[in-house]
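Undergrad: These are the residues of each chain, in order.
Number of protein chains: 2
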Amino acid sequence: MMESVERFLSESGKSMKRSAIREILKVLEKPGMISFAGGLPAPETFPVGDLREIVLDVLENEGAEALQYSTTEGDTLLRRMLVERHNSQGLNIGIENLIITTGSQQALDLVTKIFIDPGDYVLCGLPSYLGGLNTFTSYGANLKGIILDKSGMKTDVLEETIIELKESGQTIKFIYVIPDFQNPAGITTSENRRLGILEIAAKYDLLVVEDSPYREISFSGRTQRLMYDLDTSGRVITLSTFSKIFAPGFRVGWIIGDPAILERIVMAKQTADLCTSAFVQKILARYLQKGLLEKNLEKTINLYSQRCSYMIECLGKYMPENVTWTEPEGGLFLFVTLPENLDTEEILKKAVEKNVAFVAGSPFFCNEVRGRNTMRINFSFSDNSEIEEGVRRLSQVINEEITGK
Amino acid sequence: MMESVERFLSESGKSMKRSAIREILKVLEKPGMISFAGGLPAPETFPVGDLREIVLDVLENEGAEALQYSTTEGDTLLRRMLVERHNSQGLNIGIENLIITTGSQQALDLVTKIFIDPGDYVLCGLPSYLGGLNTFTSYGANLKGIILDKSGMKTDVLEETIIELKESGQTIKFIYVIPDFQNPAGITTSENRRLGILEIAAKYDLLVVEDSPYREISFSGRTQRLMYDLDTSGRVITLSTFSKIFAPGFRVGWIIGDPAILERIVMAKQTADLCTSAFVQKILARYLQKGLLEKNLEKTINLYSQRCSYMIECLGKYMPENVTWTEPEGGLFLFVTLPENLDTEEILKKAVEKNVAFVAGSPFFCNEVRGRNTMRINFSFSDNSEIEEGVRRLSQVINEEITGK
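Quick note, the sequences are listed as chains A and B, same order. Numbering (this note's numbering) for the first sequence: 9 to 413. Numbering (this note's numbering) for the second sequence: 9 to 413.
Among the clues, some could well be false.
Identical copies carry no separate label here, and so any pair may be met within one copy or between two of them.
Using 25 Å as the maximum straight-line C-alpha spacing, the simulated DMTMM-like pairs for lysine to aspartate or glutamate come out as follows [claimed, not checked]:
# : residue 1 : residue 2
1 : K162      : E19
2 : K152      : D125
3 : K25       : D128
4 : K357      : E14
No lab work stands behind these hints, which were simulated from the structure alone.
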């Protein structure tokens, strides 16, 4: 038994902390808990029935390949199906522009590994996806936050920040953008703003990492053009995933990018996990081939749209005055802002006692003490009665905080 | 389109090369090719029939959980089944000593990430698994090779090397050992040698990474005790996998170790891929629970043992004099040594023209020009007629090189 492992750890090993979100998932197991904490898709949307037949088909007809190593780039049919689907939505890419990853979290990891040396800067939205921020810092990146308004990252602040960092001799590698129904703030970056970010990236020769897991969970059915689509210079790397549009349990994501960049990512993936499971890739390829994704996605969007509306209705009904929230047009999350003197990390402890959980906002804000009065609440996982009861409990805890009871 | 990405790359990104082995897998697709190159298990051993029923059962009864995110540590039932199985083989571990990884390649990646800063030393066998070496160097590790004899790593050389490195002010983090049916040399480390390595590790306060994917592919049925089992200090981290005893297509491995070390690995895994596929983990848990692994493993061992013997018989029949080979007691590979003046990288090009492939030995030897006249040949993937024809072709190419024709 080791008393301490500190003496063996790398700088990276020393710097790691357990993700606040992953840790909070553990309290979910408490009986009676209503959790708005995770980013869990609704199990009702998982296409279990459709999968039964496909899995049998894969085992029957492709068992030997499905249980063998895959190529590092990913299953060819799956890549082709994804390329076709993107092109039918307006892109113009080939199979050389798309590789498979073990979820889009791995894509974040590989992109960081090939680009970031300790001390290099990543520019992130304030707030941004915590799993991205933690990956960047695990490779020694310095993070610099850029304020978002309702149209996305503020480009004037972005450019000023770049100039300042460059003047002080810092190296900036990429801008991390979550353009669609942003996690955690629910903000969608406007096309103008996308173009503005791309222009700045080109001017200062930076890469853009476009992380877009929620893009297709659009309640109106409308989607913005991908930044990858708006760019012509090859500097945008787009990350996507089956986790929100299908199910997270397969751990399959993909990266769209310039072949010269993808080649390096493939090399990094060889040392990271050799390849993504051929078994789940072949199941997904057939699922796409049969056109089943679109049908299921429509069902998913309708459910989440309804749950989002219902949560907003309940917030209006139960929350005290001076509490505000976003009204997202898609995705899985609402972002709630409390009066400035309140601390959501403290409130979380009390909320968990009352059997309701959320994620406190401040960890999403890199390199600034900010957002201490904010919280992210998830609407995809709970049904209407849980949404109402959870919001009621949460409102009660917040009300007690405000009134000092 | 990017002309060059060099200016954006990290030191790690710049240092990466495509694995010689993964690259050679691509030539397999040439019609008529007989490949002894990969480390591919025989598809005949994949338990497709047994899986059919289990997958349906998982979808039917655990669909919601199987398609959702898993915990980062891994599926609890799967971890319990693995702990039970190890304990039935003589270990004495609890669930806190075992976590799931996305194949054992990910385990190598995570262990390296938490321990290695650029410039730190890893001590490796000469030769060692290339995928391990590439992972270590991708985090900036310096590698120092330790000669193997037929009992494993030479402990006198190991200790001398440690003393030399320490005297020159270097930091050594761990000894990388592949103790069972070593890849590529097929050598098994004796119990005495295991104890010797552990004693040295304790004396100089180093960790030991015990990578043992082939351990159960033992033709005699006998296995050595794990180094983890022989150690009492918590400094051994053992990596294992379903890839060789079940199938590689699920990408599931596991790590056994001290809880203080596993906790750090779990944090690293959170940023690497969040969790391993719940779907494949739940299938494997039930597969183990039904006792199906043992039955299938016996079949696998018999097949590989027979193929190994047959390959040795064919080598004796066709190879020119002055060519020698190991006679492994398990695993997937033979290691062949040609006369010293021959270069197997050159011979590989000619062999591929004649429709037979192998992996040249020298990339397995870190930090030394060595093994240029060696090759690794795999016997698990080809049937007897391919083995005979492949060895015949290969012998012909080598004979032409020797005789200068």
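Undergrad: Taking each numbered hint in turn, which are not upheld by the structure, reported in ascending numerical order?
TA: Result: hints 1, 4 break, sorted rising.
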